[in-house]
Structures are given as C-alpha cells and as structure tokens.
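There are 2 protein chains.
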Amino acid sequence: MTFPSKATHQQTRAHNAALVLRALYDFGPISRADVARLSGLTRTTVGDVVGVLIDDGLAREIGRGPSTGGKAPILLELIDGARHVIALDLGEFVFRAALMDLRGQVQRTIERPVTGVSGDEAVDVVHELIDELATGSRETLLGIGVGTPGIVDAATGTIRSAVNLNWQDLPLADILRARHGVPVQVANDSRAAALAIELFSGRRSTNLVAVKVGRGIGAGVLLGGELFHGDGFGAGEIGHVVVDDDGAECRCGRFGCLETVASSRAILLRTTEAANEQPDSPLGRRLAASGELTLDDVQVALDAGDETTRRIVVAAGRFLGRMLAGVIGVLDVERIVLHGSVAELGDVWLDAVRDEAHRRALRLLAGDVVIERAAPIGDLVLLGASAVVLTAELGLSVGR
Amino acid sequence: MTFPSKATHQQTRAHNAALVLRALYDFGPISRADVARLSGLTRTTVGDVVGVLIDDGLAREIGRGPSTGGKAPILLELIDGARHVIALDLGEFVFRAALMDLRGQVQRTIERPVTGVSGDEAVDVVHELIDELATGSRETLLGIGVGTPGIVDAATGTIRSAVNLNWQDLPLADILRARHGVPVQVANDSRAAALAIELFSGRRSTNLVAVKVGRGIGAGVLLGGELFHGDGFGAGEIGHVVVDDDGAECRCGRFGCLETVASSRAILLRTTEAANEQPDSPLGRRLAASGELTLDDVQVALDAGDETTRRIVVAAGRFLGRMLAGVIGVLDVERIVLHGSVAELGDVWLDAVRDEAHRRALRLLAGDVVIERAAPIGDLVLLGASAVVLTAELGLSVGR
DNA sequence: TGCCTTTGTCAAGTATCTGGACGAACTCCC
DNA sequence: GGGAGTTCGTCCAGATACTTGACAAAGGCA
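Top to bottom, those sequences are chains A and B.
When we follow the numbering used here, the leftmost residue of the first sequence carries the number -16, and every step to the right adds one.
When we follow the numbering used here, the leftmost residue of the second sequence carries the number -16, and every step to the right adds one.
Simulated from the structure, these hints should not be mistaken for lab results.
Wrong hints could be hidden among the right ones.
When chains are identical, the list treats them as one kind, so a pair holds in a single copy or across two.
What the hints assert, rightly or not - Using 20 Å as the maximum straight-line C-alpha spacing, the simulated SDA-like pairs for lysine to any residue come out as follows:
# : residue 1 : residue 2
1 : K(-11)    : S22
2 : K(-11)    : R20
3 : K54       : T123
4 : K(-11)    : T291
5 : K(-11)    : A105
Computed from a predicted model, the values in this text were never measured in an experiment.
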C-alpha cells in the first residue's frame, strides 16, 4: 500500500547531473558540446552542470581538442582521485578492505582474518579496518561500501542474517555512519559484484545477471541499469533452489540445492570421493600428500586431462546451466556473467554451462544470450562495494 | 551503447499528474488534501493538476465529505466513462475485441473466428473489429490495446512472430495507428494479463509474476510496478524452458519443454492416453462418447476422485512449481498469480504447484511468497490489453 | 459567539530547463 | 591573408512547474 513518490525539480537536476557525470566517466575526455549531444541536454544546461562539477573538484578542463571545422572544444575529464571510497568484503574467513578512487583503482588494501570472530567483535574489526584506511583521506571520502554474504536489506543497510558471524538484523549502515560520519551502503556480495561488472568492466548492459560461483552460489540481478533486490531482498539467491531430486543435504537444511551440486564445495566433495576410490590417480596422490583437495588441484587434474575430474566438473557446470536456462526464460537478459572461484576453472566448465543453458532455453532467446566469464578487473566484491557507493552518491549507473 | 535520456519538467509534471490520477483511481472518492497527503505533493500542485483533470473531463467534484474539525473537503472521483479503450485478444482460434471504460468495465464485446485466416487477411479482421466497436465512441477513444501470443516488441508495437497467423515483424501498432488515428499498444498476452491483475484486481504489488497456464505457458513479469520485457522482449517465456530430460517433442522443436509437461495440451494428452488404456474408466467412457477429451472432462474426473487423473494433474502442477521455485530464487517476488484454463482446475492442481514451489525454494524466500489463482475479474488478456493503454496514456501504473 | 482547524486557492518566489543570440576560435577556400 | 562558414561556450530572457506563506471559506467545539 505504499504510494509512489512525487517528482521534483531537484530530482530532475540530480538525474541530469548524473547523466553529465556519467558521460565524463564513460566517454571522457569529452567536450561540453559532445556531452550535450550524447545526453540530449542543451549546451546551456551541460555548461551549468559542468561548472558545478568543476567547483566540486570532480572534473577539470584539460585543454583544447581537435576542431571539426569550428571553435576547438574544451575537453573535460573526471578527476579520478577527487573522491575516495572505502570498500569492504566481509568474507567467510577474512574481512578485506580497500581504499579506492572513482575508477575503482585500489590505493591501499588491508585485511583481517575473522575465523572465530563474531557478533560485536566482528563489528569492531570493521571499524578498525575503516579507521586504518580513512586516515589521511577523510576530506575526499565519499562513503563506505560493504559487500557481505547473506540477505541484506540494501534500503536500510541492515544485515538480515549472516550465519557465520552471528549477526541478525544488524543495522550495519547506521552503525558505521554514526561512527565514521559518511554515507554507508551495504549490499549482498553477489549483487555488489554485478554492479562492479556493470560499472568497471567497460561495457554497459541495461540488463545483466552476474552469478558468483564459489563456496556458495548467488547472483546479482541488474535490470534497467539498476540492481534488483526483490521484495525480501533475496533476488538472485539461486544457490538454494532445489535442482537435484535425490541430492545431499545443504547447509541451508534442505536437500539437493544448487549449491550441493554446483559449488566449489560440491566439486571438491566429489573429487575427494573419487580420489579416495582411486588412490593411485593423480588426484588420489595429491589428496594423500596434502590431506585435502583444493580447486587448484582440480584445475591441475583438469589440465592434465583426467577424465573423472572432467566428468565431475562438467556435471557441476551442467547443473548451473540448467538454472541459467530458467533465468533466461524468465528475464531474457542478453548477458550473463560468471565469476567466483569455480568460474576460474576454465573452458571445460564454461562450455558445460553454456551448452546446457542453450540446450534448455528457448532458441529465440538463447541465441542472443552471451554467457561469459567476468573480465579480470580485480576483486569483484570489493569493486562492487565501491560501485554501490558511487551509484548511490554520484548516480554513476543511472537507468532510463 | 544507448545513453539514458534526460529528465525534463514535462516528465516531472507527467509523473505527478499520473500520481494524482492514480490516487483518484485507487482511493477515490478522495479530497485534494488527501491526495496531497498520499502523494507528498503540495495542496497547490494537487489543486492545479485536479483542475486540468476536471477540464479534461476525467474527474469531477461530487460534493462535500465529512469534516475532521475544519472545512469539509470536496470529494473528487474519477469519471469511469470519460474515456474508452478498445482491447483486442488475438487468440489462436478467435479474435476477441471489447470496448471498455477506464475501470475495465466492458461496454461491448465482439469476436470473429480466425481459423484458417492469416497474413493480411487477419489484419483486416482486426480493422473490422475496431471499426465496429469504434462507431459512436470516437470522441472518448483513448487508444487501442492488443494482446497477442508470441514475441512482441512492445516499444514499437511490432509482432516479431506469430506462427499461426503467419505474421513476421509486423508493425501492427503503426498499421492500426495509421488507420484509426489513436495511440496503439501491442503486448504479449501473458504480459498484458499481468498488468491487468496489477491494475484491476484491487491489490497493488510492486513486484508480481503472473503465469498463464493454458495451451501454452507464459508469464508476465511486473517489476517495480512496470512490465519487464527483457532485452529481446522475451521475458516470461518460461513455457519453452526444458524441464523434462526425456520429454516429448514440443511445437517449438525441442524436447521436454515446460509446455510438454504442464500445459493443458500435456494434461489432455496424458489423460487421453490413460483413457485409451482404461476404456472402462470414467474418462475412457467420456473419450469414447465425445472422441476427444477437454479440460472440463478432466475437471469432472478430478471432482469424482479419479486417482489416475489426479496423478496426472498433480504431476503437471509439480513441473510448474519447480519452475516457480526458480523464479522465486531469481526474483524473490512476494506474489505469483496463476491464470488460464489449467489454473481453473482447482486446488488439486494449485496445491501441487504450491507444494513443489515451496519445497524447492529457499525457505527464507518461499515463506513469504503467495502463490494464488487470479481473482475472477474477467478476461485477463482483454483487460490487460486495455491496461497497457491506460498505463501508457494515463500513467495508471506508475512505479517508484 | 469566538476560537481553532482544515480546505482550497492565490500570489510571490525559486529552481531548472529552453531557445535565441553572440563573441570567440577554428577551418576552408579563394 | 582575408572572408565566409562552422562550432563552441556562455549569457540572458522566457517558460514551466514546484514551494512557501497567506488568506478566505467553511466547518467543529466550548
């Protein structure tokens, strides 16, 4: 029963200002006249907005560009270091934090192991990380972005539940804002990563699904250039959809979730089984040597052409592809990007995903879908955490 | 590489005007002051907009309401018959057309069988239907809305392909607009139906998936109060996602699509098989008598407690539920509405759908999801075709 | 009856986009 | 080298639409 909100002049201005900023961001160096052509705004308006951006230190003139038959244009560029963002990735075993500029260029990274840490103690670790990075860049600090597993109410910045940290309904954004005095954005890690791909991979898609396949499986759904959260902030939580009728128990309590068959855990479980059955195989010897298999071991076995490993990896990929076929059917997105540790496994896995997704989705739609690995632009969760801040504060991924 | 478009004063005005109109639509009779409170607009702005609405004949004052301690408010209401819409449902066997008012109240309905009709001939039938309904209501005609199966480019009103009518890349909106001189909207039938449920069922959901389960299966995806089309206008085309590994051939050419196991065709195919195997069963006798089974026969057998029929219907429902679990995982919508001939089968089917969807979706998400049959508000495709026009012309389902 | 509240409108003010005009700066061609 | 034409950036007047404050009309309450 919520009623849509009214439109105001400020919103109009904010939208158009974001448009100009984005033109500089994506197409700079660029002249005012070109920004006007690109955005449809008048030169007058663009000039006005640019004036504000220059006053704010966000943009600068860098001299004349080539003439096209008239007065040479004054080229403008965004000042990448004009603002900074502190981005955090609250991983399962380690909290990582980075100080980044407007382009997602990392200035400094620090991290703390958090095994055994939980509750208020974990919040204190977050504070420490921020304090350490904030020293010396308080003036330019645009905001703090947090990427974390679990269900996150992005509107209020409340973490609904993060099992391993024993956080429940923690208003992390409020807590951090109160202590550090800058805007704070909190987002689910997979969703943040999706925004990072949109903002930093040099290629804009209005609609995009980015699937993180690691120990867990989660997707970020970007529709119309904006993150889609769903009614309960659970959009993209595909890891716990049941896909295997006689599957194993999942950490969520049910059986046969996608995670139990397609995550890194699933692959390692199965390769370990195989290694135990065949102690003389390469994987068997690797297991005996180290006591535990890792995805690197799987990669090595895969590269060596081990058939059992290949079958396991392909099976995992096919399960994911099956899920993606459903995603394509429901959303008809033109681009699905895969990332996370499992996505690093290479073409054996990727081809399995693609093949299964294409075989199962309506040809008319699937023909256009690009399923690809994320470009190696860095830690996507960290980048995403900063992308969320950039989007919220500067409107760097405006839709429409 | 398309750049978002600029914001203007006119858009601001249009948005706010739509807000006022919607307040009248959803909450009327209502005073200007209450509209202001509801929308957040100032009384001044609301008064201004209402003035225009009254001038346009869209609203009227209907006297004073009860005072709450001050001057009694002047109540306003929408004039339901102020405008009319011609809605068309281009069904597989019959084209149906209706003249409706702003509330979706049907003034007149006509139809033409179109078996064997295709190409330009079919377009002529559309023209005829419109001409017949338009006589006498030219002045109040707001627009024409068309609901049709197949892939439709809703932005341009072009039908990409409608197999049975032999239409390919037909710019139907342009054709109808040229001939009849009013705005035309064309939409996929399932998507149109979703908008009808949103607009006419008396209950607003920002996010909603409406699945039409009949001879075909398709969904309309409503996100943020607006229809989501997908990059290739194929969002919601879940009927041709492969769900059955050793399934039968589908009319789309592949094997095991959702339609081959969950549509009315699938149910009738299976019950007919069963009837042939057991000629003495109720269904067997029914088949022998009429030569062909219908969903009504299935309904009768179901009501009579026939176990074979029940199993077939439940199996069909479970396949759909499985797909819905995926939808819930991807979108986390709070409400999924089912309609179409199969959805009329009753609780045996609905319970199977619900049970399977809930069992397979993440508990946290699935717990909140309501899966329900559409309220019996009329022909959803016709209503939807008109809803698309009302949305486009009056902004009756504004988001944000 | 007098005071308070609420409604609807008016007038002045403000923010922001629009469109025309103009000087500055550059190219091209004679 | 100079004039014509083009393009850029800005200025200014004008238009649009929201905001704010004020006020009369209309009602309740004591």
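The hints, checked one at a time:
1. K(-11) <-> S22: between (24 Å within a copy, 6 Å between copies)
2. K(-11) <-> R20: between (29 Å within a copy, 11 Å between copies)
3. K54 <-> T123: neither (35 Å within a copy, 53 Å between copies)
4. K(-11) <-> T291: Neither way: K(-11) and T291 sit 60 Å apart in one copy and 56 Å across, limit 20 Å.
5. K(-11) <-> A105: The answer is neither: 40 Å in one copy and 43 Å across copies each exceed 20 Å.
Taken one by one, the earlier hints fail for this structure at numbers 3, 4, 5, listed in ascending order.
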